[in-house]
Amino acid sequence: MALETAYIQEKMTAKFGNNVLNFEMSRDIFTFEATPDFIHEVIRFLKEEETLNFHFLTDLAGVHFPDNDENHQFAVVYQLHNWIENVRIRVKTYLPENPEVDSITDLFL
1 MALETAYIQE KMTAKFGNNV LNFEMSRDIF TFEATPDFIH EVIRFLKEEE TLNFHFLTDL
61 AGVHFPDNDE NHQFAVVYQL HNWIENVRIR VKTYLPENPE VDSITDLFL
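Quick note, the sequence shown lines up with residues 1 to 109 if you use the working numbering.
Fair warning: there could be bad hints in the mix.
Below are the EDC-like pairs computed for lysine to aspartate or glutamate, each with C-alpha atoms no more than 20 Å apart in a straight line [claimed, not checked]:
| # | residue 1 | residue 2 |
| --- | --- | --- |
| 1 | 11 | 85 |
| 2 | 15 | 41 |
| 3 | 47 | 10 |
| 4 | 15 | 69 |
| 5 | 15 | 49 |
| 6 | 11 | 50 |
Source of the hints: derived by calculation from the structure; they are not laboratory data.
Kindly produce the complete structure, drawing on both the sequences and the hints.
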């Protein structure tokens with residue numbers, strides 16, 4: 001069975017509720033946001049949940065959106081890949097001015 005975006009969204013909302021939001025297809029990659037306080041646990045779940053298997057961190061980027069409101073000025077964007085199903089996803093977390101987010105190095109070293 002192929003890993004469907006609806007299934008990913010269902011698993012994420014069941015586990016994290018309102019701490020994951022704005023699910024959409026963006027440039028052919030399933031994308032959603034996670035609140036900064038939960039980003040580490042969201043990435044851990046995507047990696048460790050057997051039915052999801054997003055074991056490969058493809059890319060990690062910081063983005064500045066100067067025209068956004070003060071709580072969405074900065075974003076950290078994670079792109080993950082499930083090699084088994086050949087599925088990629090993008091997870092964003094938005095941060096206010098003076099951004100700080102938990103590291104995920106412990107998950108991918």
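Worksheet item: Of the numbered hints stated previously, which ones are contradicted by the structure, given in increasing order?
Response: 4
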